[in-house]
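2 protein chains.
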Amino acid sequence: MGKVCIGVDLGGTFIKFGLLDESRKASEIFQLPTPQDKGIDGVIDQMIAGARQAMSKAGCTNGDVVGVGVGSPGPLSMSKGIVYNSPNIPGMTNVPLKARISAALDLPCSLENAANAAGLGEFLCGAGRQCRHMVLLTLGTGVGGGVIVDGKVLHGAHEIGAELGHTLIVPDGRKCGCGQRGCIEQYCSATFMSTHAAKALESGDRPSSLRQVLQADGTLTSKDINEHRKAGDAFALEVWDEMCRYLAMGCVTYSRILDPDRIVLAGGMAAAGDDLLAPVVKHYNQMHWKMTEPRTEIALATLGNAAGVIGAAGVAWQEFGS
Amino acid sequence: MGKVCIGVDLGGTFIKFGLLDESRKASEIFQLPTPQDKGIDGVIDQMIAGARQAMSKAGCTNGDVVGVGVGSPGPLSMSKGIVYNSPNIPGMTNVPLKARISAALDLPCSLENAANAAGLGEFLCGAGRQCRHMVLLTLGTGVGGGVIVDGKVLHGAHEIGAELGHTLIVPDGRKCGCGQRGCIEQYCSATFMSTHAAKALESGDRPSSLRQVLQADGTLTSKDINEHRKAGDAFALEVWDEMCRYLAMGCVTYSRILDPDRIVLAGGMAAAGDDLLAPVVKHYNQMHWKMTEPRTEIALATLGNAAGVIGAAGVAWQEFGS
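The listed protein sequences correspond, in order, to chains Y and G. Counted the way the working numbering counts, the first sequence spans residues 20 to 341. Counted the way the working numbering counts, the second sequence spans residues 20 to 341.
If you're looking for bench data, these hints aren't it; they were derived computationally from the structure. Keep in mind that the hints are not guaranteed to be accurate.
Identical copies go unnamed one by one, so any copy, or any two together, can satisfy a pair.
Stated by the list, open to error - DMTMM-like, lysine to aspartate or glutamate: derived pairs with alpha carbons at most 20 Å apart:
1. Lys-22 with Asp-60
2. Lys-309 with Glu-178
3. Lys-57 with Asp-169
4. Lys-99 with Glu-41
5. Lys-57 with Glu-246
6. Lys-309 with Asp-191
7. Lys-99 with Asp-169
8. Lys-99 with Asp-83
9. Lys-99 with Glu-47
10. Lys-57 with Glu-178
11. Lys-309 with Glu-41
12. Lys-242 with Glu-338
13. Lys-194 with Glu-312
14. Lys-301 with Glu-316
15. Lys-99 with Glu-221
16. Lys-301 with Glu-338
17. Lys-301 with Asp-191
18. Lys-309 with Asp-169
19. Lys-171 with Asp-125
20. Lys-76 with Asp-64
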């Protein structure tokens, strides 16, 4: 496949690997478990082993590899190549990950945070392929963000930009784990929407078919809420629609500030497909200013879990490709 | 002064002119009235006359000039060089301003919107001098914005980025002239703060020393509100503090999305100096997440009305300088 970059997407449970060639064609993506009992050395050994496996699967040697890109949960410094802390990865405290991977593989390495890497992945090979400016929103446990300005990942002055989940959308709103109040994450992540819906049911006597689910499972999921909404439950409909409205409000703000070609919705909640996209677009069009028609498109991500690996390899291409 | 770029800052009442050399040293800035009765040709003739005057004041010929930058109220297209519409400039509808200025002066010309130009001006020569990433908020009749990412003005995919005044901060909030609801402009511009304060006084019986001003003048200004606040009026204090809180909320959002080195406050309201800055910084520090200490600095603009001319010349330097 000619020259390639290796992408490594580090997660708490699995590490994913793949190659990306110059024409943005990705190899098959595979994963290895994240070792839980050998500290950071075990994790790094597994990253090295997987990277070598990716090379040998494709019949590559070091001479074919332009660089290795690693996407990792943060906080971290891309420029220093250090992961400060990543609670779900054993031993990941102040680890010079870039230098260690680079030394072990004898290849140049770049480090990027996982949300930004996923954004670049969708930008290069997925829903953002035709864009120059793109925003990725990952709607899962929290709300992650990646921002591409003129083809490059936006990092900001202190490498803490694109934290889109912590955009403030409600004055003195719901308290967020980050210490702020009214973060969009509290209204639009799968987890927080479900948690707040469960609380509302528990503290009130609103009739809803979701009560049985809550009693049986002890919790609600975003899938439960969407399914009961589709079955006609009024409370579920309200909760889902409110989430979509807040998401649209965020999208209007991202359009006004960043004016991207596309805002791409990813993560667990994007599995709802058009059930998510259609109401978000409807609210977006209603809320959007009247100075111009809405020009930023809102779309679903297309790469699923592969976005992180592809984007990590893409970061290495941007840094080390000519 | 060596090679220079000419900056032209077009406004509804005055056109400002000046030169910027390669070391970011600006010449004296001067202004000519915007002709009101000769249509667009009269306006363009005045722009040409002023540009020539700037050159002759400095003893420059065309050979010394790298380019001309024009900052204009919009909407406009920087890339096409066309101003679509500018209600306060006579005849300014679909005018190919860049081509006309360039042809008349026989010099390369760039076009930028006035708010972005002011942002670049502060970035190059004012409060953003040491920054790589900067946000400018102009608090006047409305709230204007300019965003610098990695030393360049952010335009976005459709050249409508950095419209920071239309960041949504209140769900279903105050109706904005742009057609949205809850834009920060409705809470933090000098005009809208004063208008809403006047309405609140008229529709209620809240005691306030501002009532006399309102009865005498028919309106309130942001200066009135600040002065009565300092004299101890509780209503004025509340209005001013609320404006500062909303502004801080916006600044938190800009920090999360863009992570700039500095957010610079400019425009009429910035004349309040520390009366504005201190409460905004206080609220910002309180609202800011606890994941890192606040790193983005909030500061007052330093160039005043010269920012637009200097930034317009800076745009030409960025486009035509080597």
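Results for each hint:
no., hint, in the structure
1, Lys-22 with Asp-60, "neither (29 Å within a copy, 57 Å between copies)"
2, Lys-309 with Glu-178, "between (34 Å within a copy, 16 Å between copies)"
3, Lys-57 with Asp-169, "neither (41 Å within a copy, 40 Å between copies)"
4, Lys-99 with Glu-41, "neither (26 Å within a copy, 32 Å between copies)"
5, Lys-57 with Glu-246, "neither (41 Å within a copy, 65 Å between copies)"
6, Lys-309 with Asp-191, "between (28 Å within a copy, 16 Å between copies)"
7, Lys-99 with Asp-169, "between (23 Å within a copy, 18 Å between copies)"
8, Lys-99 with Asp-83, "neither (26 Å within a copy, 42 Å between copies)"
9, Lys-99 with Glu-47, "neither (30 Å within a copy, 43 Å between copies)"
10, Lys-57 with Glu-178, "neither (30 Å within a copy, 51 Å between copies)"
11, Lys-309 with Glu-41, "neither (41 Å within a copy, 41 Å between copies)"
12, Lys-242 with Glu-338, "neither (39 Å within a copy, 51 Å between copies)"
13, Lys-194 with Glu-312, "between (34 Å within a copy, 18 Å between copies)"
14, Lys-301 with Glu-316, "within (12 Å within a copy, 37 Å between copies)"
15, Lys-99 with Glu-221, "neither (47 Å within a copy, 58 Å between copies)"
16, Lys-301 with Glu-338, "neither (39 Å within a copy, 39 Å between copies)"
17, Lys-301 with Asp-191, "between (27 Å within a copy, 16 Å between copies)"
18, Lys-309 with Asp-169, "neither (26 Å within a copy, 30 Å between copies)"
19, Lys-171 with Asp-125, "neither (26 Å within a copy, 35 Å between copies)"
20, Lys-76 with Asp-64, "within (18 Å within a copy, 69 Å between copies)"
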